[in-house]
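Enquirer: Each chain, letter by letter, is given below.
2 protein chains.
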Amino acid sequence: MGVIHRNAGGAHFAWPEVPIQRYEGGNADRAIKQVLIGRAEGAPSFNLRYFCVEPGGHSSLDRHAHDHGVVVLHGCADLLLGEAHQTVGPGDVIYIAPGEIHQFRTVGGEPFGFLCVVPPRP
Amino acid sequence: MGVIHRNAGGAHFAWPEVPIQRYEGGNADRAIKQVLIGRAEGAPSFNLRYFCVEPGGHSSLDRHAHDHGVVVLHGCADLLLGEAHQTVGPGDVIYIAPGEIHQFRTVGGEPFGFLCVVPPRP
Numbered sequence: 001m002g003v004i005h006r007n008a009g010g011a012h013f014a015w016p017e018v019p020i021q022r023y024e025g026g027n028a029d030r031a032i033k034q035v036l037i038g039r040a041e042g043a044p045s046f047n048l049r050y051f052c053v054e055p056g057g058h059s060s061l062d063r064h065a066h067d068h069g070v071v072v073l074h075g076c077a078d079l080l081l082g083e084a085h086q087t088v089g090p091g092d093v094i095y096i097a098p099g100e101i102h103q104f105r106t107v108g109g110e111p112f113g114f115l116c117v118v119p120p121r122p
Numbered sequence: 001m002g003v004i005h006r007n008a009g010g011a012h013f014a015w016p017e018v019p020i021q022r023y024e025g026g027n028a029d030r031a032i033k034q035v036l037i038g039r040a041e042g043a044p045s046f047n048l049r050y051f052c053v054e055p056g057g058h059s060s061l062d063r064h065a066h067d068h069g070v071v072v073l074h075g076c077a078d079l080l081l082g083e084a085h086q087t088v089g090p091g092d093v094i095y096i097a098p099g100e101i102h103q104f105r106t107v108g109g110e111p112f113g114f115l116c117v118v119p120p121r122p
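If you read the sequences in order, they're chains A and B.
Oh and the first sequence: position 61 is 61 in the working numbering, straight run, nothing missing.
Oh and the second sequence: position 49 is 49 in the working numbering, straight run, nothing missing.
For the record, the hints were derived by calculation from the structure and aren't laboratory data.
Accuracy of the hints is not assured; some may be wrong.
To be verified - If you want a taste of the chain A side facing chain B, the calculated C-beta under 10 angstroms gives, among others:
1) I4
2) G9
3) P44
4) N47
5) V71
6) V88
7) P90
8) I96
Stated by the list, open to error - What the simulated footprint calls covered on chain A by chain B, stretch by stretch (three residues with Cβ under 8 angstroms from a Cβ of chain B suffice, anywhere in the stretch; the number is not a length):
9) 10-20
10) 32-42
11) 62-70
12) 77-86
13) 97-105
For every residue, glycine included, the Cβ atom is placed at its ideal position computed from N, Cα and C.
Model the full assembly from the supplied sequences, consistent with the hints where possible.
Expert: Structure representation (structure tokens):
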């Protein structure tokens with residue numbers, strides 16, 4: 001059965017009916033995670049998550065076997081991707097390949113929010 | 001290797017370096033498709049596409065074995081999901097389960113743009 005999660009937050013995005021989880025990497029007190037599509041929705045083949053990282057926050061320095069598809073929704077961040085740093089902002093689409101080093105650090109005074117697609121956990 | 005596709009279209013979204021494809025369903029002259037993450041980016045486990053349907057346009061009435069994850073970026077549409085019609089707008093997240101009937105029809109005068117995640121083609 002299909003599911004609709006309504007955005008109640010306008011340009012800042014909020015899905016009040018989706019549980020807010022503690023982010024387990026980076027400086028965790030400055031980031032939250034919501035699984036928008038995953039096990040709860042019955043999705044067998046991919047997960048879609050939303051992360052929001054406050055100013056001064058960052059994600060963990062990651063390198064793993066699965067890939068990521070990222071779409072920035074709001075705010076800006078410095079992205080370490082492989083060996084290069086680049087600034088990313090709203091609407092930018094990022095593909096992070098398997099095994100590639102990556103980390104986001106919020107830039108500026110606005111929270112950095114992004115969608116992240118991953119394959120399902122084995 | 002990772003890839004960044006820059007949004008050059010502000011709130012209306014545009015990724016000039018990504019080829020624009022003809023949409024092959026619905027009333028095709030009123031819709032376009034861009035594959036933001038897929039074979040060209042080397043992604044093995046999911047595809048992320050962007051669709052934009054002009055006012056008066058609609059997607060095909062679909063029912064298939066794979067599922068969809070949809071995030072509305074701009075505009076509004078009437079969504080037929082299973083047996084129910086619902087209006088969806090910016091930021092709404094929709095999970096379309098395998099085998100579920102679905103169709104989008106643009107509502108109002110603004111183009112309806114959305115992201116759509118699918119598993120890779122077998």
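Enquirer: All the hints need checking, so say for each whether the structure fits it.
Expert: Going down the list of hints, with the structure as the test:
1. I4: OK, holds: I4(A) within 10 angstroms of chain B, min 5 angstroms.
2. G9: holds (7 angstroms)
3. P44: holds (7 angstroms)
4. N47: holds (9 angstroms)
5. V71: holds (6 angstroms)
6. V88: It holds, given that the least Cβ distance between V88(A) and chain B is near 7 angstroms, below 10 angstroms.
7. P90: This interface hint holds because 7 angstroms falls under the 10 angstroms limit.
8. I96: holds (5 angstroms)
9. 10-20: holds (count 3)
10. 32-42: holds (count 4)
11. 62-70: That given contact holds, which follows from 3 residues of the region 62-70 of chain A lying within Cβ reach (below 8 angstroms) of chain B.
12. 77-86: holds (count 4)
13. 97-105: Contact hint for the region 97-105 of chain A vs chain B: holds, 4 residues under 8 angstroms.
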